[in-house]
Every structure is written in C-alpha cells, then in structure tokens.
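Trainee: Work out the full structure, taking the sequences as your base and the hints as a guide.
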Amino acid sequence: MSEQKPVVIEANPWTELRQFTDARIALGRVGSSLPTDEVLKFGLAHAMARDAVHAALEPTSLDASLASLGLKPVWIRSRAPDRASYLLRPDLGRTLADDCEPDLRACKGPFDVVLVLADGLSAIAAQAHGAPLLQALMAHLHPAWRVAPLIVATQARVALGDDIGEALAARLVVMLIGERPGLSSPDSLGAYLTFNPRRGRSDAERNCISNIRPAGLSYAEAARKIGWLMGEALMRQITGVELKDDSDMPALARPVAPERLSPSAGGD
Amino acid sequence: MSYAHTINGSGYRFADLKTLLAKASPARSGDYLAGIGAASAVERMAARLCLAEVTLAEIVNNPLIPYESDEVTRLICDRHAVSAFAEIAHLTVGDFRNWLLLESTDEATLARIAPAVTPEIAAAVSKLMRNQDLILVARKCRVITRFRNTIGLPGRLAVRLQPNHPTDDVKGVAASILDGLLYGSGDAVIGINPASDSLPVLNGLWRMVDEVIQRFEVPTQSCVLTHVTSQIKAMEAGAPIDLVFQSVAGTEAANQSFGITLAMLKEAHEAALSLKRGTVGDNVMYFETGQGSALSANAHHGVDQQTCEARAYAVAREFRPLLVNTVVGFIGPEYLYDGKQIIRAGLEDHFCGKLMGVPLGCDVCYTNHAEADQDDMDNLLTVLAAAGVTYIMGIPGADDIMLNYQSTSFHDALYLREAFGLKHAPEFEAWLERMKLLNAAGRLQSLGPRHPLLTALTDMTHAA
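Residue numbers (the numbering used here), protein chains in the order written: chain B, 1 to 268; chain X, 1 to 464.
Simulated from the structure, these hints should not be mistaken for lab results.
Heads up, the beta-carbon is just placed ideally off N, CA and C, and yes, glycines get one too.
Incorrect hints may have been included.
[Stated by the list, open to error] Here are the simulated EDC-like cross-link-like pairs (lysine to aspartate or glutamate), alpha carbons at most 16 angstroms apart as the crow flies:
1. Lys225(B) to Asp246(B)
2. Lys244(B) to Asp197(X)
3. Lys171(X) to Asp210(X)
4. Lys108(B) to Glu166(B)
5. Lys171(X) to Glu211(X)
6. Lys171(X) to Asp22(B)
7. Lys41(B) to Asp210(X)
8. Lys41(B) to Glu211(X)
9. Lys171(X) to Asp246(B)
[Unchecked claim] Here are some chain X residues the structure puts well away from chain B; computed CB gaps all over 10 angstroms:
10. Arg48
11. Ala52
12. Glu53
13. Glu58
14. Pro66
15. Ile135
16. Leu153
17. Ala234
18. Pro240
19. His269
20. Asp373
21. Asn379
22. Gly421
23. Arg434
Mentor: Below, the structure is given as structure tokens:
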C-alpha cells in the first residue's frame, strides 16, 4: 500500500487582516479555486438568504409574541397573490388588496401614527425582530399621539404603507419591513417613515433606517432613532430628503451606495 | 410607420419601430413589467421575422425617442458616422447578422463600421442572434484603451478590484485591496463603491488608494464611484483622481434621475483630462450601466430595456472611457428574473458595447431575490470569456458586504485564466512578475509570510 499524502491547501498568511473587515479575504486556494470548506460556507450563506426571501410570516407565533406586548394586530395583504408575483411585479406589492380596505376603514381614524410590520423581502427579519423592536419603540411613542392599531402586512413593499396610511387617515406611517437579504445578513429589518402617506409618494419623501438586527443596529438604538424621526416628522410635517437624521452625528450609514443603480435596494 | 407580418394566415401588426423591437426582444421580466413584451412566443417570432426585413437605413432614419425631446437621441444622430455607414446602410437587419458572421468581416472591418453602428442597430441585430452569434462577433471586435496600462488586448483579461466596506473603513478597504493584489487582481481599476457621500470620507479613500499605487508603482488606476459632481468638486480641491466614474443610462430623462446631463459629463471629462495622470494613455472615464435603469426611473419612453441599455453605450462612447461596466444582475428579478435572463442580457450588453466600439466589461452578478446562483455566474463568466470580455469584477469571495449582492471573486478570475489561458494587462503582468507573485508558468506563486509585498501592504493596512 502506498502512503497517502494529505491534500495541501495553499493558505494565505494574512488572515489576521480579517480583524478589519467582514469581507471574505484570505480564503486560501486549491490550484486556482476555492477550498471545499469555503465553497460550502458560501453555499450555506446563500441558502439562508434564499430561504429568507421565500419564507412567509408565521401568524400564530407572531400574534402570540405581539399579544405579550398587548398588541392585537390587523392583518392585511397587498395585491400580489403569491411570492412569485410579488418578486416580478413590485407594483402589486405596493397596493392594498381590495378586500383589505374595509378592515382598515373600520379602524376609525384619524391617527397621528400607524406602525406597520411587513414581510418585505425577508419575512424572517420581521418574524424575529418585529416584536422586540416594537417593544423598544413603544417607549418612544408620545402619550399625546393618536396611535392606530398595529398593522401586519404580507407580500408588502415599502410603498404599501402609503395605501395603509391613506385608508387609516394617518399623518405618519412607519413601515418596519424585511430588507433584501444579504449573504451575511439574511434577517435585516428596515424602517421607512412617510409623512402624509398617499399613493404615489416617492422614495425621496421617506426617511430610512436600515440594518436593524442584533448584529447590526440594535433594537434600542433603532427605536431611539425612529422615535426621534417620528417626533420631528410630526412637528415639522415632513419626511424625506429635507428631514435629515440629526438624532446623532455622524449621520447614519446608508445600506447601499447612492450611485449604484438600485431600484430594488432595501425593502423595496 | 407600422409593421406587419403574417404567419399561417394570422396577421401580426406592430405600431412602430420601438414596438417591433420590444416584441422581438428575448423574454425578460422588465419588458413585461413595462407592458411592452411579446404576448406569445409566436408573436415574438413574427416580430423577429418582420425586423429581419427592416433596413439599417430605416432604423437610423426613425429615432425611437424624438430628436427634439431627448439629448441622447441628438447625440446618437449628430455623431453618426455617415460615410462609414454607407458600407452597411442598405443591409436589412437579417442580412446584417449574416454579414457580421462572415469570416471576411474581420477586426479591421468592424473597427471601421463601429462609429456607424447606432445603439438601435446593435440592439436590433442582437435580437436576431443566438448566444453563440453574440460570442463569435464580439470576440472579433477589438477595443483597446489606456491609462496606466493597456486594456483590451487579445488573449488578455483585466479585473476590477472592488474592495468595498459597509462603513468605508480605510483599514477594511485596504485589507481587501491587499487580498486582491496578492491574488493578481486589479489591472482594470481599483474601484471602490463608497457607502458615504461625504467628501472627507471620499478623500480618505482616494488618498489611500493613490498611496498604494504610487508607493508600489502598481501600473493601474483608481476610482471612487461617487456622483460626478462630487468628483468635479474633489478634483478642484486637489484630490488624486485617476478615473472619473458615473452611472449612465440611455435616455435624457433617465440620466436626469441620476442627476446628470451630457454637459456635466463633458465638464468632468475635461477636468479629468487636465490632471494628466495617465502614463500610457488618456482614457479617463469609467461608466456603469445596466438593463432596466430607464424603466426603473420611469424614463423608458416605451423602448425595451435592452435597446435603452445600448443607448447608454452611445453616451459612454462620446467620452472615450477606459472601462464601461454593465452591472447585469444587480437590478433584481423584476427586470431580469433568473439565470437565463441574466446570462442572455450579459451577452447582449457585451456584444452591443463591443460592436459600438466601447470597452465593455461585465459585473457578472445577482441578488438573493433573483432565481440565480453561483452556477449561473460560472456560466456567464465562461461565455463572456469566450466572447473576449474586457474585464470582470474581483471581490473577496464574490460577496460584496457593502452592496449586498454576489458578483465574481479573485478566484473566479483565476479560473478564467486557467481555463482560457488569459493573461493580465501586460504592464500589470510585468509588475506581478517583478513583485514575485507569478511563477514562470504565469500562475500565482506560493506566498510565504515574509513576502516583501505582503509585509509592506500589511504594515500599510495597519497604519491606514
């Protein structure tokens, strides 16, 4: 029997530089290619992101965790009948299903604020972080504000909040929505604030806080920022590019570069 | 004028040229989102059969978006090389495909007619071409550009090193640059997408990359992909800017949504030229494009997304860019649904760009909500290499942690070099040899922890 030689991976002697970045540096190579364990790690990360895109909100457990906060949500859906249509037709995800409108009208506005928890492109983000974020956010709601019942929205894009806000006669809608999953962040929640929500509002008329998840922006910190923006929006009667987030300095890092062609960034 | 075609007694009518082009286009979600895609497979073929009979002269004489209302149309018409066009004007689109595939239609012929090829001509003929046609014709086109090295030579492939970091942390960016250079990537450009648009942050990035390039005499160029107006300001303030970047689209209204006009690009181009930072050439612009951008800005005028994309190359061509990049799968499944659509779009874009004389590279990429995976990217990489793509992206592990999408890696570039025998840009190759990163066979050397470049770059990263 011949002696078996181990397969030698060409390691990269700069792994210590990983302290400066989460980028996949110093992966090593076999010939020109990635070592097997790196191929599998990448495959797992992609699988998690894919599952996040196609997962649905689980009503029983979500209702239970919201009930423990004293919240009894109204469930509504967009006009996108399923995930495939949702992905292909963003316009359907932005509009309210016809039979949901009476449920909202029955809520008897007007309101100052409506909070919406939505699946967006990552239901697992909404499922995992919705209740704890709402819990943190409740401390930042001014007692004088008329707050609408919590809305949970499915097959939802950011702009669905405009229809919801309009139907409820709300002055401000805060959409907490699952963001497009990244390879290292399949469960990121975004918060979009729109003053005087009406169908046809543009993204320039919204404020966004992104990357809300334990490994990113914490619940407490996100709630503080959202609370600050809600107060400013209601007082100055505006959201969007003219309302800068001065809740602290420096300003928030954005999730995507402003110069990249990106109509589908974030939860939209 | 309207077009009509009859198949087995059924008549198909197309209201105008842009409708005909849209219906003839291979199926993709963006054209359906716009409501302009073919209603059936047979209608698509009827449109193609009809389009095959249209002459190139007729296409040139019937602008899809009116001359009066769109500055991109004016650019296309005003810059059209009328004398070169005489050679092909009489051809129908169908015969133009035949002519392109002739062996006698060689590199010199294609270079001669490139300025006569309007975006609409390139888009029209591509709609009658199979993937293998797009590959075969594109690989005959030679587009060579220069700044500190020579991009686009036969048998060569360059790589854009894309060292993005979610908070623009200079050490984080530097660590990815080190990784890329030691993997032999970065000859196309070291190009950073910043998360921030604050000038002090951008300045820090420009200076750090410039220091790497100067100190180690790397024959390459840098770019920070921020808005063109910020780059003009930064140049005035003395920032070390090699290439000026901008996203461009194929209609005036779509460019407006990016906050740009052709006049702005001209100003930036002149400013960058005046810095005279190139050593072997003066191609100073870097443009990015992508199918669907006009529709997403609601600025497509009923023109299909592939034709809009080809029009963006007319914008790019005007400014003699070093590199143009179609970011093909970034836009999402509502424009390009799956691997099949992304692969087709990548090949179309590369073909149209090269036929028009533009140095086209491709960000072979996808987002997690598209029906695509790394195998689709391997396929697109491979067919683009067969087509002679100018350059691809190199990102650590193909995972862009700032833009949250998957592209191609330094390893992917090595794969293409190995599978196709492709070499680096010659000046960069010589540098890699000087730095003892390549062995005699042109492959990466095994690197010990005391390799001088590794040590020096590591020290720089810690000090950044």
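Trainee: None of the hints should be skipped; say for each whether it holds.
Mentor: Okay, the hints, checked on the actual structure:
1. Lys225(B) to Asp246(B): Within the cut-off at roughly 9 angstroms; holds.
2. Lys244(B) to Asp197(X): 14 angstroms, holds
3. Lys171(X) to Asp210(X): The hint holds at about 14 angstroms.
4. Lys108(B) to Glu166(B): 12 angstroms, holds
5. Lys171(X) to Glu211(X): 13 angstroms, holds
6. Lys171(X) to Asp22(B): 12 angstroms, holds
7. Lys41(B) to Asp210(X): Distance ~34 angstroms between lysine 41(B) and aspartate 210(X) Cα, so the pair is violated.
8. Lys41(B) to Glu211(X): Given that 16 angstroms is the threshold and the Cα spacing comes to 34 angstroms, the pair is violated.
9. Lys171(X) to Asp246(B): The hint is violated at about 27 angstroms.
10. Arg48: The claim holds: arginine 48(X) sits with its nearest Cβ about 24 angstroms from chain B, beyond 10 angstroms.
11. Ala52: 30 angstroms, holds
12. Glu53: 33 angstroms, holds
13. Glu58: It holds; glutamate 58(X) is separated from chain B by about 32 angstroms at its closest Cβ, greater than 10 angstroms.
14. Pro66: Non-interface label stands for proline 66(X): nearest chain B Cβ at 25 angstroms, farther than 10 angstroms.
15. Ile135: 22 angstroms, holds
16. Leu153: 21 angstroms, holds
17. Ala234: Given that every Cβ of chain B is farther than 10 angstroms from that of alanine 234(X), nearest at about 14 angstroms, it holds.
18. Pro240: At roughly 19 angstroms from the nearest Cβ of chain B, proline 240(X) sits farther out than 10 angstroms, so the non-interface label holds.
19. His269: Per Cβ check, histidine 269(X) is outside 10 angstroms of chain B; nearest 17 angstroms; holds.
20. Asp373: 6 angstroms, violated
21. Asn379: Check passes; 16 angstroms lies beyond 10 angstroms.
22. Gly421: 12 angstroms, holds
23. Arg434: Correct as stated: the minimum Cβ-Cβ distance to chain B is 20 angstroms, above 10 angstroms.
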